[in-house]
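*Asks:* The listed protein sequences derive, respectively, from chains A and B.
First residue of the first sequence? That's 1 in the numbering used here, and the numbers climb one at a time after it.
First residue of the second sequence? That's 1 in the numbering used here, and the numbers climb one at a time after it.
Derived from the structure by calculation, the hints contain no laboratory data.
One should not assume that every hint holds.
Stated by the list, open to error - Computed list of lysine to any residue pairs in SDA-like fashion (alpha-carbon distance at most 20 Å, straight line):
#1 A:Lys170 - B:Glu125
#2 A:Lys143 - A:Pro189
#3 B:Lys81 - A:Lys89
#4 A:Lys223 - B:Lys81
#5 A:Lys121 - A:Gly206
#6 B:Lys81 - A:Glu78
#7 A:Lys89 - A:Leu64
#8 A:Lys244 - B:Phe7
#9 A:Lys170 - B:Asn82
#10 A:Lys170 - B:Tyr75
#11 A:Lys195 - A:Asp205
#12 B:Lys177 - B:Ile193
#13 A:Lys52 - A:Thr24
#14 B:Lys81 - A:Ser169
#15 B:Lys81 - A:Ser242
#16 A:Lys121 - B:Val171
#17 A:Lys120 - A:Lys143
#18 A:Lys121 - B:Asn3
#19 A:Lys170 - B:Ile76
#20 A:Lys170 - B:Thr172
#21 A:Lys28 - A:Gln13
#22 A:Lys244 - B:Phe6
#23 A:Lys170 - B:Asn3
#24 A:Lys123 - A:Ala233
#25 A:Lys123 - A:Ser196
#26 B:Lys81 - A:Val220
#27 A:Lys143 - B:Val171
#28 A:Lys89 - B:Arg86
Stated by the list, open to error - Ranges of calculated distance between the beta carbons of each label pair, as one might list FRET restraints:
#29 B:Lys177 - A:Lys153: 44 to 54 Å
#30 B:Val77 - A:Tyr21: 55 to 65 Å
#31 A:Ser113 - B:Val77: 20 to 30 Å
What the hints assert, rightly or not - Rough simulated footprint, nothing fancy, chain B against chain A, three-plus residues with beta-carbon under 8 Å:
#32 197 to 209
#33 237 to 247
C-beta: ideal position from N, C-alpha, C; glycine also.
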Amino acid sequence: MAQETLTMIVTRQDSPDSPPYEETFKVKYRKNMNIISALMETQQNPVNAEGKNVAPVQWESNCLEEVCGACSMVINGEPRQACSTLVDKLEQPIRVAPMSTFPVERDLVVDRSRMFDSLKKVKAWIPIDGTHDLGPGPRMPEKKRQWAYELSKCMTCGVCLEACPNVNSKSDFIGPAALSQVRLFNAHPTGEMNKSERLEGLMEDGGITGCGNSQNCVQVCPKGIPLTTSIAALNRDTNIQSFKNFFGSDHAY
Amino acid sequence: MENREFFYRRLHSLLGVVPIGIFLIQHLVVNHFAVYGAESFNKAAQFMHDLPFRLMLEIFIIFLPILFHAVLGVYIVFVAKNNTRRYGYFRNWMFFLQRITGIITLVFIVWHVWETRVQIGMGTEELDYSLMENILANPVMFWFYVLGVVSTTFHFANGLWSFLVSWGVTVTPRSQKIATYATLLIFLAVTYIGVRALFAFV
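Take the sequences, apply the hints, and build the full model.
*Replies:* Here you go:
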């Protein structure tokens, strides 16, 4: 039998512009608790360690099975998903803070819209809409499908951006997640027909050259996506694309 | 200009190896003649000095590439927010050290060029063994030179590793790992050549 209560120190912020502060909560322990259920306790009983009634802690979460990417936060100094972080495996007191790379909306809720803007910038989709039925697309080799599937696990959680030393307020680097998505959609046989558009998105300011090879992203990715392999592969592709663009090529589509 | 970052960053990466990296090795190898005595060093230095079109070679192979590499490099150092304390992974440390050694190397090169090439150009010093002998006789300067050389060779060897990634040569984690060992050997070899030459002057 473990302890009856656990101590959780939450970095809170009342509004996007107000200063952050720490608040300690004593949470009633239950078996197999994760960070989300511990936070739920503070919502159910919003009383801090000094016995004062406070506003309930705010956070984002959806799927609770590490596929949606909404509940990323910094737990004991490590950016990760709150849903798949089990309390029993953590040292106490548990420190929970919002990710620092993104603007804080309130408490643990951050605004990840920059990641979705990046996906738009690099055209991370496959255009198939037209005026008539184009029929079935080309087949994909099974071996390629297997590694592309790994890339498709990205849930835009933002943990890689949080760990990247080159993603910060001084730089406009779009970060590893969007880069890897370009590799995913360029690997697709139909998506490949528009690969130059995505590569050219990466060659704009804030694109792939923002990577400084610290390789933190691949270490922290909760889905184990080979982000640095993607980046190196895209370095090759963007270089070839830039040569095609400059010298000319009939294969520069 | 907009969207020139890709070109500038790739140029930065290329220049670090060709010509700057090649020049670095050539420079340290020529220095190594000091190990065989003052006369041997003077002969080698004189040969380099008497190369045809020397000023052009100096400007286009040494000065302008280093200037470009340094200016963009300082900017690259400035935009990073180092976080080795939170993420103590090996490559993150290399990332951090690459930036630190870049700055040390820049300070060292400015100092070194000032007291050698600039002084020789102004005619206040002669290009020979005794010039370096006098500079390195001061223990502070000697260790500053050791630091400068080691920092430069580290920056070169680790930069070679990132060059291989930036140009899409090493894509798989395995090839990147082997490149780490290969560039480590290059670091040790080039550092040995450079530092041994320094010790020859004292």
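*Asks:* Confirm or reject each hint.
*Replies:* To see whether the hints hold, each was checked on the structure:
1. A:Lys170 - B:Glu125: At roughly 44 Å apart (the allowed maximum being 20 Å), B:Glu125 and A:Lys170 break the hint.
2. A:Lys143 - A:Pro189: holds, 13 Å
3. B:Lys81 - A:Lys89: violated, 30 Å
4. A:Lys223 - B:Lys81: violated, 24 Å
5. A:Lys121 - A:Gly206: holds, 10 Å
6. B:Lys81 - A:Glu78: holds, 17 Å
7. A:Lys89 - A:Leu64: Answer holds: A:Lys89 to A:Leu64 is near 18 Å, not above 20 Å.
8. A:Lys244 - B:Phe7: holds, 14 Å
9. A:Lys170 - B:Asn82: holds, 12 Å
10. A:Lys170 - B:Tyr75: holds, 10 Å
11. A:Lys195 - A:Asp205: holds, 18 Å
12. B:Lys177 - B:Ile193: Answer violated: B:Lys177 to B:Ile193 is near 25 Å, above 20 Å.
13. A:Lys52 - A:Thr24: With a Cα-Cα distance of about 11 Å, the restraint between A:Lys52 and A:Thr24 holds, given a limit of 20 Å.
14. B:Lys81 - A:Ser169: This hinted pair holds, its Cα atoms lying about 9 Å apart.
15. B:Lys81 - A:Ser242: violated, 29 Å
16. A:Lys121 - B:Val171: This hinted pair is violated, its Cα atoms lying about 24 Å apart.
17. A:Lys120 - A:Lys143: This hinted pair is violated, its Cα atoms lying about 28 Å apart.
18. A:Lys121 - B:Asn3: Given that 20 Å is the threshold and the Cα spacing comes to 13 Å, the pair holds.
19. A:Lys170 - B:Ile76: Holds - the C-alpha atoms of B:Ile76 and A:Lys170 are around 10 Å apart, at most 20 Å.
20. A:Lys170 - B:Thr172: violated, 30 Å
21. A:Lys28 - A:Gln13: Roughly 24 Å separates the two Cα atoms, so the pair is violated.
22. A:Lys244 - B:Phe6: holds, 15 Å
23. A:Lys170 - B:Asn3: holds, 17 Å
24. A:Lys123 - A:Ala233: holds, 18 Å
25. A:Lys123 - A:Ser196: Answer holds: A:Lys123 to A:Ser196 is near 10 Å, not above 20 Å.
26. B:Lys81 - A:Val220: Given pair B:Lys81, A:Val220 holds - Cα atoms ~17 Å apart, limit 20 Å.
27. A:Lys143 - B:Val171: Within the cut-off at roughly 17 Å; holds.
28. A:Lys89 - B:Arg86: holds, 19 Å
29. B:Lys177 - A:Lys153: 44 to 54 Å: This hint is violated: roughly 23 Å between Cβ atoms.
30. B:Val77 - A:Tyr21: 55 to 65 Å: violated, 33 Å
31. A:Ser113 - B:Val77: 20 to 30 Å: 29 Å Cβ-Cβ, so the 20 to 30 Å window holds.
32. 197 to 209: Result for this restraint: holds, n = 7.
33. 237 to 247: holds (count 5)
In summary, the structure is inconsistent with hints 1, 3, 4, 12, 15, 16, 17, 20, 21, 29 and 30 from the numbered list given earlier, while agreeing with the others.
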